[in-house]
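Novice: Listed below, chain by chain, are the residues.
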Amino acid sequence: MTQNLDVEGCTVREAAAEDTVCGVVPQQVAVPSDADSLSRVMAAAHRRGLSVTARGAGTALDWGWPPRSLDLLVDTSALSWIDHNAGDLVVEVGAGTPMADLNAALAAAGQRLSYDPVRLGGTVGGALATGVSGPRRLLSGALRDLVIGMTVVRADGVVARSGGRVVKNVAGYDLAKLHTGGYGTLGVITSAAFRLHPVPEALRLVSARLDSRIRAERALSALCETTVVPSAVELDWPASGPGRLDVVLEGTPGGLEARVAATVGALAPWASGEGPVVAEELPEGWGLLPAEGTVALVTAPPAQSVTAADWVREVSEAVDAGAHVRGSAATGALSVTFPPGTPADRIRLVVEGVRSAEGHPLVLLRAEPHVRAAGIDPWGEVPGLGLMRAVKESLDPGHRLSPGRFAGGI
Amino acid sequence: MATTAPHTPEGRARTPGGPGARERTPAALAALVPRLREICGADGVLTDLSQRRVYESDGLTYHRSTPGVVVMPTTTDQVASVIRLCAEHGVPYVPRGAGTGLSAGALPHSEGVLLVTSRMRRILEIDLDNECAVVEPGVANLDITRAAAPHGYYYAPDPSSQQVCSVGGNVAENSGGAHCLKYGFTVNHVRGLEIVTPSGEIVELGGKAPGAHGYDLIGAFVGSEGTLGVATRITVSLTRAPEKTVTLLSAFTSLDAGGQAVSAIIAAGVLPSAIEMMDALAIEAAERAVACDYPAGAAAVLVVELDGPAVEVDAQLERVTALCADAGSFETRAASGAEERALIWKGRKSAFAAVGRISPAYIVQDGVVPRTALGEVLGRIAALSAESGIRVANVFHAGDGNLHPLVLFDDAEPGAGERAEEVSGAILDLCIEHGGSITGEHGVGVDKACKMPRMYDDASLETFDLFRRAFDPAGIANPEKLLPTPRLCGERPGVRTGVHPLVQSGEAEQF
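For the record, the sequence lines run as chains A and B. Going by UniProt numbering, the residue at position 201 of the first sequence is 201; the numbering climbs one at a time, nothing skipped. Going by UniProt numbering, the residue at position 265 of the second sequence is 265; the numbering climbs one at a time, nothing skipped.
Derived by calculation from the structure, the hints in this document are not laboratory data. Just so you know, nobody snuck in bad clues.
Chain B regions said to be covered by chain A (calculated; three or more residues, Cβ under 8 Å): (1) 221 to 231; (2) 306 to 312; (3) 363 to 376; (4) 444 to 454.
In silico negatives: residues of chain B with every beta carbon more than 10 Å from chain A: (5) D43; (6) D48; (7) T253.
The beta carbon of each residue, even a glycine, is placed where N, CA and C say it ideally should be.
Take the sequences, apply the hints, and build the full model.
Specialist: Here is the structure:
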């Protein structure tokens with residue numbers, strides 16, 4: 001049922017194949033030119049009872065689960081602006097701003113959003129809505145820890161703000177945290193404010209090859225006993241062969257020398273081959289999730305992250321699923337990627353196997369179409385689901401925002 | 001909750017249920033007392049007026065209300081049973097930690113239950129492998145660090161009241177402290193919560209692993225001021241103690257020069273673990289109280305703390321010292337030993353209490369401005385002070401723009417309290433005008449609920465309310481806190497004085 005949405009300041013067109021969200025083709029696509037027209041088009045959709053999904057650059061349209069219903073895709077790419085206040089170490093940015101543009105603008109002022117994107121080509125709004133943080137979450141926290149304010153258009157078109165542009169602020173509920181990782185099921189993000197950090201003068205990467213789970217655990221625990229303050233500690237645990245620990249250190253060129261030495265000293269007894277290797281920059285594709293294949297997220301208490309990674313490998317090996325685990329070993333946030341085309345039944349066995357052991361819940365972040373079609377439960381058990389449903393019901397009582405894309409069919 | 005208890009004038013009735021409100025336990029509530037005793041034991045329920053009066057205010061003593069009944073549960077199940085009973089009977093309840101909050105967030109309800117967590121104060125686990133601690137809500141903030149310190153760890157969020165304030169209260173208020181600048185606020189350190197919802201349901205959110213799946217309910221719960229439920233078990237991250245910590249005291253002949261030093265430090269890309277600032281009046285008070293031996297003749301001092309790997313700290317120290325000198329500092333001292341550091345901090349940490357020595361009464365304000373607006377706002381505060389004849393001492397977290405002006409007055413002088421309130425309110429207006437916040441760490445509570453419309457538009461407030469109702473559709477969890485209610489704020493969004501006119505005329509009941 002195509003309905004003519006005539007909204008000032010907003011282009012509306014019929015949807016095409018590239019507008020597909022997890023296999024679901026919307027009826028129409030609206031491209032509002034600014035936040036006001038976004039609010040107007042959401043209000044119009046509300047009056048007509050249309051279901052809506054938001055899109056930034058579209059790099060995560062195949063993340064999450066297919067919407068049960070999708071009348072209107074709202075494209076936020078025109079909401080692209082950057083208001084950087086360097087002296088305050090704060091930036092406010094439109095949701096449609098490409099993350100790369102934001103990073104470039106901040107870098108020019110010697111600052112950064114201490115967040116490593118996990119996808120190339122995405123927007124700030126998309127990064128927030130999906131809420132998955134890369135390696136540097138160890139030092140500065142996950143993306144949600146860096147958001148200090150947000151403006152959102154509700155399902156009924158009403159514009160609501162929470163937080164603000166100062167780092168220290170406890171006035172009102174911190175709703176920005178709810179929207180971060182909420183897949184647009186509670187509102188459409190129009191802009192957000194972030195706290196920033198100065199870009200450190202220098203960086204070193206210490207990498208150690210680790211031949212066994214035990215050695216990896218020992219290396220990690222030795223590292224934790226130091227006071228070198230790494231920015232990231234990434235575990236790479238491939239489907240077969242040795243694993244690797246990558247430790248990122250940032251600071252002054254003079255100060256780094258001693259920290260690198262201490263890091264090498266902690267890892268050396270456990271590293272195989274020629275011992276830890278030091279580089280002066282990050283490798284290509286650092287922190288990015290593979291662009292193809294099914295991806296799951298596993299969380300574990302930090303001390304069990306190597307055990308969890310090895311458990312995924314063991315379960316995967318048993319069914320030849322080829323799972324590759326990577327992630328922040330020191331925080332316990334890991335990704336599991338399956339090669340493109342991995343049969344759904346093997347992925348199902350891995351998902352069920354990993355979930356059968358307590359302490360490391362797994363969520364399917366992106367599933368290939370044949371995996372989605374196999375009816376695997378993407379979320380598993382999510383504690384607090386009752387409250388999440390209540391929040392959804394309160395903020396989107398018509399269940400029109402990306403219905404079914406989130407946990408528990410929300 | 002947050003920061004030092006203030007010395008505020010007593011006996012000024014400005015509050016729902018202030019002096020004169022009913023002091024006998026209402027009949028509906030009295031009927032629940034036997035059930036509450038069954039749940040919490042006889043010693044866990046206080047009904048005597050004299051005992052209840054102990055709890056009539058939190059740290060903000062000019063808001064008072066005698067609780068209908070006080071319960072002191074010791075377990076999560078008891079908390080849940082008490083709240084279920086409240087929910088069944090539509091009785092409001094107010095959670096209270098150590099009662100050190102400065103926004104009347106734990107102001108009791110005279111017809112409700114005051115749920116005190118002070119008997120839930122066990123540290124359940126210090127898990128060094130996972131760098132976290134699991135504690136009950138009544139544990140004092142500093143006790144986590146005390147338990148972790150022998151192992152080389154500490155708990156980073158450090159409200160000035162950390163010796164006494166409870167972790168449960170910190171969670172309720174998302175309390176900060178001097179070290180937030182570098183290490184973040186309570187919300188950045190809470191990994192898991194066991195909460196009892198306003199319907200009495202026990203829900204586990206997160207745990208020792210990061211980033212629980214689904215909506216970030218932990219992120220939204222922290223700082224919700226007890227309106228979404230009561231945290232009964234809290235898992236917090238522990239931070240590795242830095243290899244080296246240095247505290248620097250730098251003195252300036254003008255407030256402006258001190259402010260310039262702060263900007264220069266930030267602009268240079270140095271991230272200290274704290275940057276605190278005090279003006280001449282605050283220094284004077286601190287000197288009189290604790291003889292902290294700050295440089296004589298200083299119009300402003302900065303306390304800058306640097307921590308991290310020793311080599312990095314040494315490099316930063318050199319840099320910061322030079323930046324302070326460039327900005328016009330006439331004396332800079334650095335202390336790296338624990339004792340010397342404590343001496344520098346002594347002046348700063350005693351400042352609130354010290355002000356009590358130079359003024360019979362004062363109001364502690366808690367507003368935030370963008371760091372770059374500090375200079376202008378401090379100038380406007382000085383002008384306000386000069387115009388009104390009300391002295392204002394400034395002690396604040398300069399690194400993140402969190403002002404704590406101490407508005408001094410003599411409560412024996414007729415009208416002085418009102419003028420002080422006007423100045424205090426005007427300072428908040430300045431914060432809002434400059435894009436800041438009405439509270440950086442103390443919370444909204446009752447005290448600032450009527451200020452919320454100055455910071456957020458109706459649509460945003462309504463959205464907050466929609467969110468709140470998802471947790472508490474019946475409106476029994478810490479009612480009339482955080483969000484403005486038309487009954488209390490309708491006529492004058494701003495500082496309240498005196499009794500509500502409808503109450504005075506007998507048309508409405510205020511509780």
